[in-house]
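J.: Can you make the complete structure from the sequences, with help from the hints?
Residue numbers (full-length UniProt numbering), protein chains in the order written: chain G, 1 to 471; chain V, 1 to 471; chain D, 1 to 471; chain X, 1 to 471.
Simulated from the structure, these hints should not be mistaken for laboratory data.
Quantities reported herein were computed from a predicted structural model and do not represent experimental measurements.
Each residue gets a CB set at the ideal place from its N, CA and C atoms; glycine is no exception.
Okay, the calculated beta carbon distance ranges per label pair:
no.: 1; chain 1: X; residue 1: T337; chain 2: V; residue 2: G466; range: 51 to 59 Å
no.: 2; chain 1: X; residue 1: N67; chain 2: D; residue 2: R118; range: 53 to 61 Å
no.: 3; chain 1: X; residue 1: G466; chain 2: G; residue 2: Q107; range: 35 to 43 Å
no.: 4; chain 1: X; residue 1: A390; chain 2: V; residue 2: R467; range: 42 to 50 Å
These stretches of chain D come out as covered by chain X in the derived footprint (C-beta under 8 Å, 3 or more residues):
no.: 5; stretch: 333 to 347
no.: 6; stretch: 439 to 449
If you want the building blocks of each chain, they are given just below.
4 protein chains.
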Amino acid sequence: MCNHHVSIGKVEDHNDSSIDPRIFSLHSFALLLLLTMNFDLPPELLQYLGALDTFIDREIRPLQAKNDNERFFDHRRENARTNWDAGGLPCEEWEELLKECTRLADQAGFWRFSLPKRYGGQNESEGRGSNLWMSVIREHLASKGLGLFNDLQNEHSIVGNFPDIVMLLHFGSEKQREELIWGRLEGRIRITFGLTEPSHGSDATFMDTKAIPEIRDGVNGWLINGAKKWQTGMHKATHCFIFARTSGASGSLTGITCLIVPRHTPGLTIESYQWTLNMPTDHATISLRNVFVPSSCVLGPLHSGLAVAQAFVHENRIRQAASSLGAAIYCVNESITYAVSRAPFGKPLATNQAIQFPLVELATQCEMLRLLIRKTASEMDRISHVDVEAQLGDKVSMCNYWANRLCTEAADRAIQVHGGMGYGREKPFEHIWRHHRRYRITEGSEEIQMRKVAGYLFGFMGAGKGRPTKL
Amino acid sequence: MCNHHVSIGKVEDHNDSSIDPRIFSLHSFALLLLLTMNFDLPPELLQYLGALDTFIDREIRPLQAKNDNERFFDHRRENARTNWDAGGLPCEEWEELLKECTRLADQAGFWRFSLPKRYGGQNESEGRGSNLWMSVIREHLASKGLGLFNDLQNEHSIVGNFPDIVMLLHFGSEKQREELIWGRLEGRIRITFGLTEPSHGSDATFMDTKAIPEIRDGVNGWLINGAKKWQTGMHKATHCFIFARTSGASGSLTGITCLIVPRHTPGLTIESYQWTLNMPTDHATISLRNVFVPSSCVLGPLHSGLAVAQAFVHENRIRQAASSLGAAIYCVNESITYAVSRAPFGKPLATNQAIQFPLVELATQCEMLRLLIRKTASEMDRISHVDVEAQLGDKVSMCNYWANRLCTEAADRAIQVHGGMGYGREKPFEHIWRHHRRYRITEGSEEIQMRKVAGYLFGFMGAGKGRPTKL
Amino acid sequence: MCNHHVSIGKVEDHNDSSIDPRIFSLHSFALLLLLTMNFDLPPELLQYLGALDTFIDREIRPLQAKNDNERFFDHRRENARTNWDAGGLPCEEWEELLKECTRLADQAGFWRFSLPKRYGGQNESEGRGSNLWMSVIREHLASKGLGLFNDLQNEHSIVGNFPDIVMLLHFGSEKQREELIWGRLEGRIRITFGLTEPSHGSDATFMDTKAIPEIRDGVNGWLINGAKKWQTGMHKATHCFIFARTSGASGSLTGITCLIVPRHTPGLTIESYQWTLNMPTDHATISLRNVFVPSSCVLGPLHSGLAVAQAFVHENRIRQAASSLGAAIYCVNESITYAVSRAPFGKPLATNQAIQFPLVELATQCEMLRLLIRKTASEMDRISHVDVEAQLGDKVSMCNYWANRLCTEAADRAIQVHGGMGYGREKPFEHIWRHHRRYRITEGSEEIQMRKVAGYLFGFMGAGKGRPTKL
Amino acid sequence: MCNHHVSIGKVEDHNDSSIDPRIFSLHSFALLLLLTMNFDLPPELLQYLGALDTFIDREIRPLQAKNDNERFFDHRRENARTNWDAGGLPCEEWEELLKECTRLADQAGFWRFSLPKRYGGQNESEGRGSNLWMSVIREHLASKGLGLFNDLQNEHSIVGNFPDIVMLLHFGSEKQREELIWGRLEGRIRITFGLTEPSHGSDATFMDTKAIPEIRDGVNGWLINGAKKWQTGMHKATHCFIFARTSGASGSLTGITCLIVPRHTPGLTIESYQWTLNMPTDHATISLRNVFVPSSCVLGPLHSGLAVAQAFVHENRIRQAASSLGAAIYCVNESITYAVSRAPFGKPLATNQAIQFPLVELATQCEMLRLLIRKTASEMDRISHVDVEAQLGDKVSMCNYWANRLCTEAADRAIQVHGGMGYGREKPFEHIWRHHRRYRITEGSEEIQMRKVAGYLFGFMGAGKGRPTKL
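T.: See below:
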């Protein structure tokens, strides 16, 4: 914050005596802006949301309407997407449809929005493609409800999110970036993220998977043994990012290395797919038995692989929070509309305070949370990616745990307000509840995130480590 | 309560002067019992629970283990039970399995337990088959978790619940009872309950379905037009209980008549099956266009059909409450066991207060709610079935809304405590949440039931109408 | 429970062949009772409540109405009771009034109700004076609202509670019992309870107060150094029960001894009185500097003094729970009455669901909690006082923490429902909130009690130590 | 919002071809600011907070430290402030101290900050003295805890809040403004606000106080009969703003007139002072019996006096919200500090999740609420005072009800975290709870405010009346 103000202060130093009078007015105008907090979305961003809406209406909704593709979104959605007899994996038709949607979005210039320009994106640190813009976009899309344009169950969206690419951008060698990023964008490569294990989730540093140095056929490399769980996208993966302990004691933050393991490496076996509350599944449990990879497969710093895992966590959490907020807003809006139109006992449902008050509390939270997400995203945009954890890790977690809880609560309330219809699958609330319920567990469980906020507040962690934080 | 004590008081009047000394001791013993509240389950009931457990272990679990019947209960359960391509209806194999289980339970003498002796049951007003016993049994069975012995999704249980038969017992003509009750018990008859409509749920008295007198082929009868929603079991029904307005204004409590409509009566059409959060569905929306039934199809008093609908509502609500309590207990017990065994970061999950405290609050509620259910059931057993609404309707609703909320909360907490595994389908918590979430809407939504409790408290309804109730 | 049933089983063995037919009917009657749970209060207890009400109306209310004694209960109560200039201690007139009330209650035979007959009481293990009876009486009195008959701020009641006497009964030497119990009952003796310290509350086992053996003037005894906080009643105390570490390490459960220290022993100094949210205060902080007491002042087992502290804790907690329940009931009842009579905007406040629903939830909890308190009290009556901790400690804590929270919530809700009037002191809700708020901290804070419940559930403590408890 | 952007757009139109290059950079800079949301407080405002802190430390704290003035703030505060024997009114010494503090603050230029320059203030629509600045200042002062610089019990602050002056500014005649505003600022005038009545609070439009036209001694005027309650400051008042129905039916929004009644007008009698949870009281109940005032005493439009009452309500509510937020922040900060330092059982209290998690949830809400208050205040600053109700009334209510609830919850949590010490009066939490508890009732009860938010959401009220609001 201080630096920011210093740089602003410098503007005034540019003044000299022989000055065009128009400078004064502009100058005053600039200063006025400095003196005013600004809670409005930038006009350019509002225009971008409009452009997205237009694109959705012109290209995506027609695609969704074709060939009974609606089956993937209406009451039949879960079954239509799931190939029950193939282990509960996603149907081919469903994945093809998502691909086609992505192709259209890419062609229209939206999909790679958050990526650097050299990869076809538009990322600027504080404008287009920034965390603030992405948060607003994610909220906006989710607040429109279920649709082909933004399907959170698959983390699919016309404006893409690329955790694996971000890791590669930050940590990949040139060769890794060249091969994997381009492959990923062109659809040839798909990568899983292998941190969680059957016996270790929140406590990943206690992982059982180990890699030891081995020379095979004269090539230096690593021999991996262990297992990984919740390997999302495994059925189509070409590569796995496998985190393994390469040194240090169980529980230590250092000594973990990230290894890029091609899918068909001998010894890597898919043991099962986990069926969850929201089907289809593509979450595999895999085993690694004497899997060998050459040293060129190490991603990022040896023994400091957790940095790779951390590279995207905050960006992902703030976007997830924004999505949950958007979905919550959708649920509240739909509930209000329904309560106004439905009139049991001859008067609108909306006249009952038992209907009103819970929605009032949800709406109040939506308004408040939205601002904390935007403020946090905006502050993330001002600092380097590696400083985010120490300076904003707690705020990101605040946004995330509150948003995910709020969304499940809003979806649950929408079910209740809509009564039998809300319990039915014709309304999307059950789907929203089922999906966002997952976020309270998987992107750092809410307990883990609240523990982190506590860590910052009480001085156990964070930039102010050693002294409690003042609010 | 007073009457009860008066009748007990009479015992003392039997005393005379020439008395066997043993009478004194027994008499004192009886009086001692009168002076002591008794929160223990009757020993005979405990034995009965033991007998049920033995039967389950000997006959039902082996059946569940045969022929991959486990697919109906393990992670595959939703798909295994659902015939997605046949409108989402239950699979034949699933329904056959339930039938076979019922046959075994009937043969062993358990199924008809709550029915009168003349129908093969064991019902006594305050003992076997009573509301108290049924509550304890339902809680016990649900607390054992998912299993063929008691599957709430289908309201199937080795100890049967018979809403339709209870209505027939109270209101059926001799002919109706003869035909429908026996047919029902022998599996030839299956009846749906037609109160709710597409536009009217809680406000059933505003129903749009109307019946007008008509003579057809010289037979007096009724011509029915309208529609009904949430007709559970319609796919196998032989008869429908259809409630229709036969007189009076929309919203009036009188003027509604219950009509028994054979399934294949011309004009009765199944329009759709509602897909819900918990599949399969057997909840039909039906239309009735110029459906004619003869006067002999009237069930219960003409224009006072709501009494028929009310006949079973309290028994059903208290049993449902007991089932939800049992399921909540199961979720808490499983969470405790898991938290003790799982040790992230090298110490048991159970040592975290964020794990402990929510379970402490749930466990406390289980202990408290259990007693209110048993007390209410026990008081229901002391009074006539028609007096229950005015005297205990509020207490039944208290039990019901609290139990259903508690159960969904406990299932949700179990999901959270179990983390990724809790979100998965290998654990039954998601299934429990999805099923019991329905109870908060369908058996009188929780708002409707809380409104009723308020009605009694504030003196708008109930036995003390006109003055607020003292707690 | 098992033993209970065994003894009941024996009744049947008394049968012989030559039996008076009346035996059969009585026998059947007794058995019938055994087979029926009984949630009704014993008629004798109901009569006793009636007798209390009559006594209150005839003797206590007139006393309260005399000489503007109402000032101690109406909006002036806090000031009328407090001698602000004398350190915030209770006024003499206030304490005299309580004494006079106690004298009347003692004379009428109510005050010593819970004490053994040899001390003028009526205690029977499972009847009069039992935990069950005391719970019902405490709930009843508190549910009548504020009054001279039962003033919880001073733990004053026409039916007395005697923690210190109970400790003496269980642990006192004959001489200690003779002197202190009779002195206490006759008003000559008043004792404080010295466990808590300035730096140790919940963690009393870490106490800083130490006693070491010393011989003074040839008398064996103990030299005490330390400090105690929250010494309630210190301004009138004649003796202090001082717990001090006499052996063992800080934190150890053994090595603490209870010493009876006469008030005017040299070295015992009152340092201050703590002013609290609810005035007056009589809660002293005292220091002990080289305080010597002879060995005859040891109360109970040397080095095992915590047993003395535990002697009354469960009885006290269950009674406190019952009082909080009663006060909660009072708040709910008053709120209902007010909401029915007040009609803003021309319709009763009671018609608003925002008024109704929170009261419905409170009323439901009152009904449930009442049963758990009675069941727990009744089970305490069946077992020996030393077994209560291991077998029922968790249930007692469940009752206590839930009751205290419920009461503060109910009082807060009553304030809100009554609006400006509820915030005023003319209504007693603010006083009730302020008093019962203390119970959430002082009788084992709610966190300590929830931790204990968790200890039993997860198998860390209690009779089933080592394995999780099944609900 | 649109207008704002239009005016911004116009800046670009000033561009012409012959432009000083420096314009470009400044222009770009201005545009960049437009493109960036700005959640930072203006530097000038931060400086102002610093100036306030300095002033407090230099002038106010020394005054508080003098002559045992600390008795008004430490554990003795309630008694020190209250003249119990004079009906519970504030002590003279207490009121004199506040006056002296105000004099210092006025002299230093802080007190009149929010008033227009012609009255010695610094008000600018969007900068100094604006709603945004006042919100930030109020939050800042309250977050510093109890002190002479800002005592909310008396709505006293070194930066003054002037509801009555705001009403006069908007609605007073020149003569009224001249006399009353200057008198008020110079301490000669004190005014009460008379809307609420003994039987009407939230439903003020149903008021019983009536005024009818009367000519007395040839002077046209009004004859007032009725009563008013909660007349804060009555003991020192020189004038009362009395709202009376002058036409229209009970319940109608029009037909109410505001009349300025000098304190000693015959017929105006103080009936009593209401003692509340937080003493002293200066809240009178007054009666008006045939009180005559001349027509010149009408304040604002005849029959449309509610506009006068509304003139300040939103400014007051947002400032109150900010104060409650500040007090909540204080409670959370203090709790964190205490939990880090207190170490029962040998480890910091802060390591318990039962301590951590509730504080995490409170801290999260503080962060979120702060932003909604600032955004709402900032939007209020952009529009005309009369448009606030229709355009922002719901947002102001959101801030208010959430802030007041949050503050009482935070104070209650601080009591619990601090244990016995928190329950004591040495800590200020009990005082904070007691004061802010009032805000949930008196500035529009939280139910009234939630009903308003619902009115906007569901389309019953507000700018979008007739259609539900989209979040």
